[in-house]
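From first to last, the protein sequence lines are chains A and B. Number 83 in the numbering used here belongs to position 82 of the first sequence; there are no gaps in the numbering. Number 296 in the numbering used here belongs to position 254 of the second sequence; there are no gaps in the numbering.
Just so you know, not all the hints are guaranteed correct.
Stated by the list, open to error - Footprint (simulated), chain B over chain A, 3 or more residues, beta carbon under 8 Å:
id : segment
1  : 229-241
2  : 265-277
3  : 314-326
Unchecked claim - In silico SDA-like cross-links for lysine to any residue, where the CA-CA straight-line distance does not exceed 25 Å:
id : chain 1 : residue 1 : chain 2 : residue 2
4  : A       : K244      : B       : I444
5  : B       : K225      : B       : A430
6  : B       : K433      : A       : V307
7  : A       : K237      : B       : N438
8  : A       : K326      : B       : Q336
9  : B       : K225      : B       : R262
Keep in mind the hints are simulated off the structure, nothing from the lab. Don't be surprised by glycine CBs; every beta carbon is placed ideally from N, CA and C.
As a plain string of letters, each chain reads:
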Amino acid sequence: MDLMLSADQEAIQQTVRSFLEKELPMARVRALADAGPEAIEPVWRAAGELGFFGLGVSDAQGGVGYAITEEMVLFEELGRALAPGPWLGTVLAAHALARQTGAELAAARQRILAGELHVALVERSGAPTLHVANGRVSGERANVAGANGAGALLILDDAGIAFVPCKPGAVTIEARPSMDPTRTIAHLTLRDAPCAILASDRETAAAVGREATVLACAEAVGGIQRTVEMSVEYSKVRHQFGKPIGSFQAVKHRCADMAMRAEAARSAMTYAVVSVRDGAADAAFQAAVAKILCANAYLQNAADNVQNHGGMGFTWECDAHLYVKRARSFELTLGSRQRQLDFIVEQFRAA
Amino acid sequence: MEITFSPAEEEFRKRARDWIEANKPSDPPPENYLPARREFDLAWQRRMFDAGWAGISWPKEFAGRGASLMEQLIWYEEFARAKAHEPATLFVGLNHGGPTLIACGSEAQKAFHLPKILRGETVWCQGFSEPGAGSDLAGLQARAVIDGDALVVSGQKIWTSFAQIAEYQELLVRTDPDAPKHKGITWVICPMNAKGIEIRPIRTMAGHQDFCEVFYDEVRVPRANIVGNINDGWRVAMSTLSFERGTAFLSEQVRLARVVDELVDLARVTPYGDAAARAKMALDDDEIARRLAQARAEVEALRSMTYRSVSRTARTGMPSAEGSLIRLFFSELQQRVYALAMDILGAAILEWDIEDRVVEGAGGPRHQRMRETWVFRYLLSFASTIAAGSKDIQRNIIGDRILGLPR
Numbered sequence: 002m003d004l005m006l007s008a009d010q011e012a013i014q015q016t017v018r019s020f021l022e023k024e025l026p027m028a029r030v031r032a033l034a035d036a037g038p039e040a041i042e043p044v045w046r047a048a049g050e051l052g053f054f055g056l057g058v059s060d061a062q063g064g065v066g067y068a069i070t071e072e073m074v075l076f077e078e079l080g081r082a083l084a085p086g087p088w089l090g091t092v093l094a095a096h097a098l099a100r101q102t103g104a105e106l107a108a109a110r111q112r113i114l115a116g117e118l119h120v121a122l123v124e125r126s127g128a129p130t131l132h133v134a135n136g137r138v139s140g141e142r143a144n145v146a147g148a149n150g151a152g153a154l155l156i157l158d159d160a161g162i163a164f165v166p167c168k169p170g171a172v173t174i175e176a177r178p179s180m181d182p183t184r185t186i187a188h189l190t191l192r193d194a195p196c197a198i199l200a201s202d203r204e205t206a207a208a209v210g211r212e213a214t215v216l217a218c219a220e221a222v223g224g225i226q227r228t229v230e231m232s233v234e235y236s237k238v239r240h241q242f243g244k245p246i247g248s249f250q251a252v253k254h255r256c257a258d259m260a261m262r263a264e265a266a267r268s269a270m271t272y273a274v275v276s277v278r279d280g281a282a283d284a285a286f287q288a289a290v291a292k293i294l295c296a297n298a299y300l301q302n303a304a305d306n307v308q309n310h311g312g313m314g315f316t317w318e319c320d321a322h323l324y325v326k327r328a329r330s331f332e333l334t335l336g337s338r339q340r341q342l343d344f345i346v347e348q349f350r351a352a
Numbered sequence: 043m044e045i046t047f048s049p050a051e052e053e054f055r056k057r058a059r060d061w062i063e064a065n066k067p068s069d070p071p072p073e074n075y076l077p078a079r080r081e082f083d084l085a086w087q088r089r090m091f092d093a094g095w096a097g098i099s100w101p102k103e104f105a106g107r108g109a110s111l112m113e114q115l116i117w118y119e120e121f122a123r124a125k126a127h128e129p130a131t132l133f134v135g136l137n138h139g140g141p142t143l144i145a146c147g148s149e150a151q152k153a154f155h156l157p158k159i160l161r162g163e164t165v166w167c168q169g170f171s172e173p174g175a176g177s178d179l180a181g182l183q184a185r186a187v188i189d190g191d192a193l194v195v196s197g198q199k200i201w202t203s204f205a206q207i208a209e210y211q212e213l214l215v216r217t218d219p220d221a222p223k224h225k226g227i228t229w230v231i232c233p234m235n236a237k238g239i240e241i242r243p244i245r246t247m248a249g250h251q252d253f254c255e256v257f258y259d260e261v262r263v264p265r266a267n268i269v270g271n272i273n274d275g276w277r278v279a280m281s282t283l284s285f286e287r288g289t290a291f292l293s294e295q296v297r298l299a300r301v302v303d304e305l306v307d308l309a310r311v312t313p314y315g316d317a318a319a320r321a322k323m324a325l326d327d328d329e330i331a332r333r334l335a336q337a338r339a340e341v342e343a344l345r346s347m348t349y350r351s352v353s354r355t356a357r358t359g360m361p362s363a364e365g366s367l368i369r370l371f372f373s374e375l376q377q378r379v380y381a382l383a384m385d386i387l388g389a390a391i392l393e394w395d396i397e398d399r400v401v402e403g404a405g406g407p408r409h410q411r412m413r414e415t416w417v418f419r420y421l422l423s424f425a426s427t428i429a430a431g432s433k434d435i436q437r438n439i440i441g442d443r444i445l446g447l448p449r
């Protein structure tokens, strides 16, 4: 039993944090939100050179040979920085393709690991109007995160997983205005798009769904932690009535609650990640617990962080709103809180 | 990162489980008559001692189990799993007084008191809070002056659980009224049979009378009973409280998960809603069911927080202020859980007796123990954000010591 970071994990954390501070400081994240999807490509190639996309892929497959517990560290840092781009779909595609044979898929895997191929995760939330038959997929899907600029799609449905290269004519990606500025969305239309079926059984699809959920939770924990840091930093330097506002219990206690929620979310997420890595019998339950705790913590902390920043917190200039918006989009990703609660309710009622 | 226990720890778990199952008291404790409850707890403690399980966290040097943090965690998990009786009247001796003597006591104090606490021969109580010194503990006013080989104590303490049945008290007194408030306090072992002590039980909002006011009228306590140095009692007391924030609360954190399981079972069999629609059970109601799911998720997160805290302490060797994060989360969660019980039971909570009584049930009449009722446990849960540092004090600790916010 040990839920603290290992020395290797701490080293990864330092490497990723330094990289993101240099390549994706908040000013750059904001600029990227207004630029085209190609603007992020140099950052992704640099991340690829550092091995970020292959942390959980074996050495033999061109990866670094760690596991999802190390990817957890990467995603927490990405969430802290609000790093844009389809990291989740890309890392999951690297996992899924590592289990495949065939020259074409191997080439796609190499491009992913090099940071050259961006893969958007097309998950089940929203209407399931995609149809797969005879190696081709057709249909539409709304609100797909990070698809704008993606070279491929990873479709994750209850019954299986498909990998779809974005071929002009077969895959139409229409960018839509996004409520969350640091996370683009697009409307997808697929017309007989050729795809590789990576799995066609519920067990594998569910396992990948659990990986997706816990890594999204790790990303959320990074954002949750950042809201605590922002509030603490600001309430030390902002003075009113001749004192730093952090000395007032009204503000101090709100910060304490934020720290408590962050610790609860981090603990639930960490336990869930290790459960998923180990294939524990209750991994699906632990993933649901992590999603519920992380969504609650992110939404409440992001709101408290705006409040702690007062009038500044209400401005576009202050970063606080970016975390509110990311908290909302996270809550709706990979099964809302209500869907996670209903999953636990089903277990109660079935018993 | 690992969520599994080592083979040696699993072996420990099996031994703990087997022993607790075979030896836990089968009779319910006589909760409403304190002298009987004292004997019950002491007998249970003696049984644990004889089998080598007493003082799970105490060093072997003092005849404790000397268990590792992981083993302590496992022990508490198994204790909760078996629903074994917690000897609550011995909490102060085992988790406050004893550990404080281990950390700061003289050789004579350790040799005399530690075996009695561990073997289940003495009950200890706490004399910290006063009517004017609650959250501001260092503002305490009970005075003690040196007179020959004795300290002469006058003043009042409050919220002293089990004072009526205790032999000894860990008592904080002001020995230097002119020093800054943290510097003039002394930690002393007070024999509860000393002349000049008067005990008045206080009835709580839950109707029971476990705790008391204690009055001291020129009570003579031997100077040899001072623990640590005179006027150094604040440091001695903090060693106890940091211990409390370490592992002493593991047990009730682990037990809360069991309470939620019980609550789901309750919702399964409790009719819910309007009398006209009585076919429905509480668990069929989506709002109740989702609140139960939320509670289930939160006790699971509490367990993960506990595991993380134990992992951290195992690495650093000492409990940290982070314990306050868990304490705050736990205390508020416990209140949400028992409030949910009230919502599930609905009008069935309205008829409630503060005495044990015989109730009619599906299987015929049965003896209903007041302390096992959901109403009692709900009312008792109001204490969890007040006792052992109110939730406001916990938030101050988090703000000041963890986040480094200005005071």
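Hints, one by one, checked against the model:
1. With 4 residues having a Cβ less than 8 Å from any Cβ of chain B, the segment 229-241 of chain A passes the three-residue criterion, so the hint holds.
2. Judged by the Cβ-Cβ criterion of 8 Å, the segment 265-277 of chain A is covered by chain B as claimed, because 10 of its residues qualify and three suffice.
3. Coverage of a stretch by a chain is defined here by at least three residues with a beta carbon nearer than 8 Å to that chain's beta carbons; for the segment 314-326 of chain A and chain B the count is 0, and the condition is violated.
4. For the proposed pair K244(A) and I444(B), the alpha carbon gap of about 20 Å is at most 25 Å, so the pair holds.
5. The straight-line distance between the Cα atoms of K225(B) and A430(B) is roughly 22 Å, inside the 25 Å bound, and the hint therefore holds.
6. A threshold of 25 Å between alpha carbons decides the hint, and for K433(B) with V307(A) the separation of about 24 Å falls inside it, so the pair holds.
7. Straight-line distance between C-alpha atoms of K237(A) and N438(B) comes to about 15 Å, which keeps the hinted pair within the 25 Å bound.
8. Pair hint K326(A) plus Q336(B) holds up; C-alpha atoms about 23 Å apart against a cutoff of 25 Å.
9. At roughly 22 Å between alpha-carbon atoms, K225(B) and R262(B) fall within 25 Å of each other, so this suggested pair holds.
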